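Turn these sequences into a full structure, and let the hints guide you.
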Amino acid sequence: MIFKHFQTPLMLLGLAALGFGAAWPLTTAWAAQETQAFIKDFKFAPLTIKAGTTVTWVNKDDEPHTVVGDAGLFRSSGLDTDERFSYTFDKPGVYPIHCSIHPRMVATVVVE
Amino acid sequence: MAEGEWQAKKFWNSGINRRDEKSSCRNPPPKEKDMSDDKLLQSRRNALKCMAYGGAGTLFVLAGGVLTPVNLAMAGDYGKGGSKPGKPLFVQISDTHIGFNKEANPDVNGSLTQTIDLVNGMAEQPALIIHTGDITHLSKPAEFDLAQQLLSGLHTTELHTVPGEHDTTDPTVTEYFNRFGKASDNKGYYSFDHAGVHFIALINVLEFKAGGLGTLGPDQLAWVAADLKGRSSSTPIVVFAHMPLWTIYEPWGWGTGDADQLMSQLRRFGSVTVLNGHIHQIVQKLEGNMTFHTARSTSYPQPAPGEGPGPGPLKVAADLLPKMLGITSVSVQPHPRVLTLVDTALA
Chain A
1135 MIFKHFQTPL MLLGLAALGF GAAWPLTTAW AAQETQAFIK DFKFAPLTIK AGTTVTWVNK
1195 DDEPHTVVGD AGLFRSSGLD TDERFSYTFD KPGVYPIHCS IHPRMVATVV VE
Chain B
103 MAEGEWQAKK FWNSGINRRD EKSSCRNPPP KEKDMSDDKL LQSRRNALKC MAYGGAGTLF
163 VLAGGVLTPV NLAMAGDYGK GGSKPGKPLF VQISDTHIGF NKEANPDVNG SLTQTIDLVN
223 GMAEQPALII HTGDITHLSK PAEFDLAQQL LSGLHTTELH TVPGEHDTTD PTVTEYFNRF
283 GKASDNKGYY SFDHAGVHFI ALINVLEFKA GGLGTLGPDQ LAWVAADLKG RSSSTPIVVF
343 AHMPLWTIYE PWGWGTGDAD QLMSQLRRFG SVTVLNGHIH QIVQKLEGNM TFHTARSTSY
403 PQPAPGEGPG PGPLKVAADL LPKMLGITSV SVQPHPRVLT LVDTALA
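Which chain is which? The protein sequence lines are A and B, in order.
Each residue of the first sequence is one higher than the last, beginning at 1135 in the numbering used here.
Each residue of the second sequence is one higher than the last, beginning at 103 in the numbering used here.
Just to be clear, a hint being listed does not mean it is correct.
Examples of chain B residues toward chain A, derived with CB under 7 Å [unchecked claim]:
no.	residue
1	Leu240
2	Glu267
3	Pro273
4	Gly355
5	Pro415
6	Ala419
Because the hints were derived from the structure by calculation, they are not lab data.
Because the structure is a prediction, the values reported are computed rather than measured.
In this text, a Cβ means the ideal position worked out from N, Cα and C, and glycines have one as well.
Spelled out as structure tokens, the structure:
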């Protein structure tokens, strides 16, 4: 489920950068952009990112959460404390998200 | 069970003692044999309200018909001299959250085992067990397997379930239905009859919309209408679902958005009992012929509505925890057919 997004050649490069970054440092121009977003106190951190960025959500609550794109592009499994879910936003736009366990938890990801 | 009855009586008495001189709770109920069925029901409802006011030193205010949560028995048999509440019909177990392992309760398996021992120890075994969802914490196969293994320790083998939103977070939403979907043809909602009582199991944790409450959906509501059609209004109805079927606290999503459409179908019945879990604490509301009741969890308590950032696990002192976990048992009297709810804590 998590890896189904890593299908484009660009993302394979991104994975390679992660795996061999220490031995083969790449310039930032080559490495795909990544950012981390905490889920804490029943809130998603608001996000504004550049197209091509991989967002990794990390659940910092004692309660599980999910990350679901309202438009159906992605849906995580239930994330327990400190579990994470990643998705790469390739195209600019405004992406509303919510938690399917707590549907009152809503936020938007702005991709520029 | 004996403890639950004792608690119920105790708090009835405390309701009398603590009564507000201006309240309608001043007089003990008249003797039941002198009353018509209607009056008897009314008397019981009044008594129930009064008990709620008196419970455990907490002052309850009926605001819009909603009682604030309590941790102690609110309902029970308060008839003349504490007569028996009738035949045990079923026990409601809720929010077992198998797989949870955080500080609020590192041993949810042990708490469920304790719960099962409590039920198995009842003097007269209930005919059915109803689990109102969040069987597991993360919808994992191993969690469901363990939950089923533990629940198989119940002496009462007839188990009816509905899923909670924690049971439906697997990518394909199949783990729950593979195990418990048979009763509903994988739809999640179904009905059955037992001892003259009509039971309706509903699912309100699918079709969540961002920002919304629980949802029953038009298909399920149409099915309920068909299920109730032609049924006598004197049939006692028990409805159960995971999320509360009335709005307890909207900012936390504690309610079901289209529940009104369900209630309008149930209003003609003389006795309707609506049971839910989800909020890990007892909240009760009485409205006309309908009793709404949420059960305690067997895993961990949650905060009272609006206390703290959200409805997560509430950490309490170890000795306090079993007092905040427990079950609801429901008994039925044959003549008149009256359902009685008793909440029993694990300690």
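Status of each hint after checking the structure:
1. Leu240: holds, 4 Å
2. Glu267: Holds. Min distance 5 Å.
3. Pro273: holds, 5 Å
4. Gly355: Hint on Gly355 of chain B: holds, closest Cβ of chain A at ~4 Å, below 7 Å.
5. Pro415: Where the cut-off is 7 Å and the nearest Cβ of chain A is about 5 Å from Pro415 of chain B, the hint holds.
6. Ala419: Not OK, violated: Ala419 of chain B not within 7 Å of chain A, min 17 Å.
This entry does not satisfy hint 6, going by the numbered hints stated previously; all others are met.
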